[in-house]
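Now for the letters of each chain:
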Amino acid sequence: MSKLSPALDPIVLLPSEGARPGALAPSDAPSARAPEQEALRSGARDPGGSPAVDANDPFDVRLAALEAQAGEAAHLIAELQARDRLKTQFLANISHDLRTPLTAIITHAEILRDGMLGELSEAQRRSVLGIIKGGHQLLQMVGEILTYARGAADQLTLAPTAFALAPVVEQLVVLNQPLAAKHDVALAADVPTTLPLIHADREKLTHVLGNLVGNAIHFTPPGGRVWIAARLAGGAPTVEGGSGRELVVEVGDTGIGIAPEHHELIFREFAQVDASTSRTHHGTGLGLAIARKLVELHGGRIWVESALGEGSRFYFAIPLDG
Amino acid sequence: MPAAPLVLLVDDSALVTEALAVLVEAMGHRCATAASVAEAVAVARADPPTVILLDLTLPDGDGLALLDRLREAGAPIPVTVALTGHDDAATRARCLAAGCRAVLTKPVSTATLLGGLADWTAGATP
Numbered sequence: 001m002s003k004l005s006p007a008l009d010p011i012v013l014l015p016s017e018g019a020r021p022g023a024l025a026p027s028d029a030p031s032a033r034a035p036e037q038e039a040l041r042s043g044a045r046d047p048g049g050s051p052a053v054d055a056n057d058p059f060d061v062r063l064a065a066l067e068a069q070a071g072e073a074a075h076l077i078a079e080l081q082a083r084d085r086l087k088t089q090f091l092a093n094i095s096h097d098l099r100t101p102l103t104a105i106i107t108h109a110e111i112l113r114d115g116m117l118g119e120l121s122e123a124q125r126r127s128v129l130g131i132i133k134g135g136h137q138l139l140q141m142v143g144e145i146l147t148y149a150r151g152a153a154d155q156l157t158l159a160p161t162a163f164a165l166a167p168v169v170e171q172l173v174v175l176n177q178p179l180a181a182k183h184d185v186a187l188a189a190d191v192p193t194t195l196p197l198i199h200a201d202r203e204k205l206t207h208v209l210g211n212l213v214g215n216a217i218h219f220t221p222p223g224g225r226v227w228i229a230a231r232l233a234g235g236a237p238t239v240e241g242g243s244g245r246e247l248v249v250e251v252g253d254t255g256i257g258i259a260p261e262h263h264e265l266i267f268r269e270f271a272q273v274d275a276s277t278s279r280t281h282h283g284t285g286l287g288l289a290i291a292r293k294l295v296e297l298h299g300g301r302i303w304v305e306s307a308l309g310e311g312s313r314f315y316f317a318i319p320l321d322g
Numbered sequence: 001m002p003a004a005p006l007v008l009l010v011d012d013s014a015l016v017t018e019a020l021a022v023l024v025e026a027m028g029h030r031c032a033t034a035a036s037v038a039e040a041v042a043v044a045r046a047d048p049p050t051v052i053l054l055d056l057t058l059p060d061g062d063g064l065a066l067l068d069r070l071r072e073a074g075a076p077i078p079v080t081v082a083l084t085g086h087d088d089a090a091t092r093a094r095c096l097a098a099g100c101r102a103v104l105t106k107p108v109s110t111a112t113l114l115g116g117l118a119d120w121t122a123g124a125t126p
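Line order of the protein sequences matches chains L and Y. So the first sequence is numbered by the numbering used here: it starts at 1 and just counts up by one. So the second sequence is numbered by the numbering used here: it starts at 1 and just counts up by one.
What the hints contain is simulated information worked out from the structure, not anything from laboratory work. Certain hints may be false.
If you anchor each label on the Cβ, the simulated ranges turn out as follows [said to hold, decoys possible]:
# : chain 1 : residue 1 : chain 2 : residue 2 : range
1 : L       : R125      : Y       : L96       : 35 to 41 Å
2 : Y       : G74       : L       : G134      : 45 to 51 Å
3 : L       : L195      : Y       : T105      : 33 to 39 Å
4 : Y       : D88       : L       : R83       : 25 to 31 Å
5 : Y       : I77       : L       : L138      : 15 to 21 Å
Positions of the beta carbon are idealized from the N, C-alpha and C atoms, including for glycine.
Let the hints inform the model, and build the full structure from the sequences given.
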């Protein structure tokens, strides 16, 4: 650990002299010193205004060392936070720049595929289709990293409009039908058209839903079911004067399920619960972290109810007004 | 026989303009490229394009400045389509207010460009 991050060492280094473990405990201190220590703790100072530090007092030496350590720790934390921000910005920049050449590669391949530069043989066409397929997969992952980095750098902004959820879900079902069919999973939606309009960023909520549906299909064995449902939930009125009503959207599946101890973990970035499953999933591991970020940007929340072998039900709730 | 429509591609990435140039020329159009607002102004004044595909982020400023510069010079304003990496409503509104016919979010699919170019160059008299 310390070899990898030498900058962290000062936090764990102890002063080499005059201190011993446990020196702070009153029972450890020589009894004759006790009154002075009490005075020090209550903030007593000598007439000159400086702390009453006795260089020969193990307690004082220890205290001074701890204060120095605390100062160093605070400094290090600030430095690490600054570096983390730089790294996030780097990630946002690099993923944006990765898209340009990638898009160019895909465009060239699509021009070839469409026969615009002459007819291709069947073998040539298959090869070009491989370039396009790989390119699109890579582009999607780069896009996901970019969204994550923008979210982490608080550079995501919402463009809210009032819209109905039912058509969004309907479109999503149509879009995911081929994937569902490929996995032999039945995909259905039950979203009442009577639900009130939702005031949100349509594109970002579609992204959240698409992510949950994609995950559900991928983690559901053949013959299973994936469903999307939505309902109105009446919460308690909020302090800000809102009604507390929210739209709760559910994406459920009959898939492999998630152990309760992982329910929090999966919404964290870079988390993949089961590496062997994830490897077949081709994901960045950022999908649910992004979904959480996008839902929270709307003032909503996202959670999962699941147990191993019993399928999963992912929910997110978006406040309707106020 | 009138000259084929001229499509001006403005993007500071040669990778992008080269790929689009292949596409545009494969459709039978003529093609010119520019990597900055200044270069685009010069190219457009020398040979007025039918369509401009315009990246918004250029080394010497906002791509939309190209349209202002052409208006100031009294040059004809071609059908202009903005290409942008930012998919927000504000950017879209800004482009349309500046006179763009359409706003496409990068990455733009080949199919979208093919359909769009057929539309934008239709009935054009350069």
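Hint-by-hint comparison with the structure:
1. R125/L x L96/Y: 35 to 41 Å: Taking Cβ atoms as reference, R125/L and L96/Y lie about 39 Å apart, which means the hint holds.
2. G74/Y x G134/L: 45 to 51 Å: Holds, at about 49 Å.
3. L195/L x T105/Y: 33 to 39 Å: Since the Cβ atoms of L195/L and T105/Y sit about 29 Å apart, the hinted range of 33 to 39 Å is violated.
4. D88/Y x R83/L: 25 to 31 Å: Distance hint for D88/Y, R83/L holds at roughly 29 Å.
5. I77/Y x L138/L: 15 to 21 Å: This hint is violated: roughly 37 Å between Cβ atoms.
The structure is inconsistent with the numbered hints 3 and 5, although it conforms to all the rest.
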